[in-house]
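If you read the sequences in order, they're chains A and B. Residues in the first sequence are numbered consecutively from 75, following the numbering used here. Residues in the second sequence are numbered consecutively from 9, following the numbering used here.
What the hints contain is simulated information worked out from the structure, not anything from laboratory work. Heads up, some of the hints might be wrong.
[Unchecked claim] With the C-beta cut set under 10 Å, the calculated list includes, among others, these residues of chain A facing chain B:
{"id": "1", "residue": "D105"}
{"id": "2", "residue": "L146"}
{"id": "3", "residue": "V150"}
{"id": "4", "residue": "G212"}
{"id": "5", "residue": "E216"}
{"id": "6", "residue": "H223"}
{"id": "7", "residue": "F224"}
{"id": "8", "residue": "Y225"}
{"id": "9", "residue": "E226"}
{"id": "10", "residue": "T228"}
{"id": "11", "residue": "R230"}
{"id": "12", "residue": "W233"}
{"id": "13", "residue": "I237"}
{"id": "14", "residue": "K238"}
{"id": "15", "residue": "M320"}
Using N, Cα and C, we set each Cβ at its ideal position, and we do this for glycine too.
Given next are the chains, with one letter for each unit.
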Amino acid sequence: MLHRRLTQFFILYAAGVGLLLAFKVALGLSDYVIPGPGEIWRTGQTYGAAYAAAVLNTLGVAVLGHGLSIVLAAAVAVIARLKDWIGGFIRTAAFNIQSYPIVAVAPILFILLGDGLATRLLIAALICYFPLLLSFLGVFSEPVREIEHFYEATGRMTWRLQIKIRAFENLQKLTTVVVGSATLAMVGTIVAEFIAATAGIGYSIRIALYQSDLAKILVALLLIGVGTSLWLVLLEGLGAALQRRMERP
Amino acid sequence: MELEGQDIAYRYPNAAADLFEGLDFRIRGPGFHALFGPSGVGKSTLARLLSGSLAGQRGRLNARGMDRVLYTYNLERLPGWTTLREHFEETASASGRPRLETLLDTFDIRPLADARFPRLSLGQQNRANLVRYLLQEFDLLIMDESLANVDEATRHRILLRIKALFPERCFLYISHNVAEVARFCGDVLVLRGHPKRPPLVVVPGGDQREGAEPDPARLERAMLAIVHAA
């Protein structure tokens, strides 16, 4: 799984860099606009370690924000399934809010909360919260009648059992949603850092942008890709392990 | 024990017409009876109304000594996170637990007891589902195609064993197999589609018991009567 995901990423990354270099050659652009392979390599050697630490910093915030979103979305979805009208109201509200780009409100959060950890965490959590909530609402509100009927008929159904049945029956879907939203959390954190934070790889990219140093940006993108791939593979592995454990013969 | 329906009618929400109306019937227990009729005539709907898992009917349903009505159907699944034995032991009623070992043998489930439900064949899944209902407290158990995908010999053996093991309970067996309901069931409630009148008729079946041979003449009469009524 890790090998496949990393290979896919490296192919895409190499294609992107290759395209840039092709532009450079075709349009005769200077090294200042698009650096050559040697310059990118040297930048990687110089800044690789610092950028790797910055990616880990960003990843830490994204993981925390993502975890927070998962817990909150699961809790709200569990409560929302109690009554149809509560679920309907939350679903409509979440659908409307998620259609609004959360990063657009990031400046407001920075003005109110400053540029510290709290703001980065909040933006990371907000950006992946609503897609998670909508998926969790769908899963936890949809009865699995073929299994639940027996427990209903014999008076054994409890809310915990209901959630367990629905989560188990949709484990694959939940894993896919959690893995998909992990990328969103990473994007949200980087964008937040890019706008106003003082740490993380987004902040490093902002500095590189002010310096018009594309080599640094390309090195940062490489490390972001590797870091994100490792995280997604870890999440997929956790989901698969959970499913195997629950379905052991 | 008795469950009586008077002038029962039901219309699904937003439907243009009643699914059925004017049903009068009486299910007397203990006994093994059948609900028969063409597809779409409302057998499962009537069963769900009788069990209380569906509401909104018109008419009167009177239960005398038949308060615990369970409805099971052939598409039900057991949760995939436990083995069959764990599930049976966890969900069996106090009075049903002593029956578990007997039922495991009757339904040929013992070799599968440590397997999980998704790994079973369709016939095995239906047998496992029926076992857990037979471990419950009930006065009337409605079995909606509960032995679908089970081979004929096993099905017949199971029906005879159920009748022998639960002589004090009442069963309503829903099946499209006219020979089977005619042979094993006491009363066969034939639900007829529009525009036939009356909408439901009761035909006496063969009610074969364990150890007894079926009476061919009686069986033939019952089958003809059921086919004619349907």
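Right, here's what the structure says about each hint:
1. With a cut of 10 Å, the hint placing A/D105 at the interface with chain B is violated, because the nearest CB-to-CB distance is about 60 Å.
2. Here the hint on A/L146 is broken, as its CB sits about 26 Å from the closest CB of chain B, past 10 Å.
3. Hint on A/V150 is violated. Least Cβ distance to chain B is approximately 25 Å, over the 10 Å limit.
4. Taking 10 Å as the C-beta contact cut-off toward chain B, the hint placing A/G212 at the interface is violated, the least distance being around 20 Å.
5. About 15 Å separates the beta-carbon of A/E216 from the nearest beta-carbon of chain B, more than 10 Å, and the hint is not met.
6. At about 6 Å, the closest approach between the beta carbon of A/H223 and any beta carbon in chain B falls short of 10 Å, and the interface hint on this residue holds.
7. A hinted interface residue such as A/F224 counts as satisfied when its beta carbon comes closer than 10 Å to some beta carbon of chain B; here the least separation is about 6 Å, so the hint holds.
8. Given hint, A/Y225 at the interface with chain B, holds; its Cβ is 8 Å from that chain's nearest Cβ, closer than 10 Å.
9. Hint status for A/E226: holds, given a least beta-carbon distance of 7 Å to chain B, under 10 Å.
10. At about 6 Å, the closest approach between the beta carbon of A/T228 and any beta carbon in chain B falls short of 10 Å, and the interface hint on this residue holds.
11. With its C-beta approaching chain B no nearer than about 7 Å, A/R230 sits inside the 10 Å limit, and its interface hint holds.
12. About 16 Å separates the beta-carbon of A/W233 from the nearest beta-carbon of chain B, more than 10 Å, and the hint is not met.
13. Proximity of A/I237 to chain B is violated relative to the hint, the smallest CB-CB distance being about 12 Å (cut-off 10 Å).
14. Satisfaction of the interface hint for A/K238 is found here, the shortest Cβ-Cβ separation to chain B being roughly 8 Å, below the 10 Å cut-off.
15. Because the smallest distance between the Cβ of A/M320 and any Cβ of chain B comes to about 5 Å, under 10 Å, the interface hint for this residue holds.
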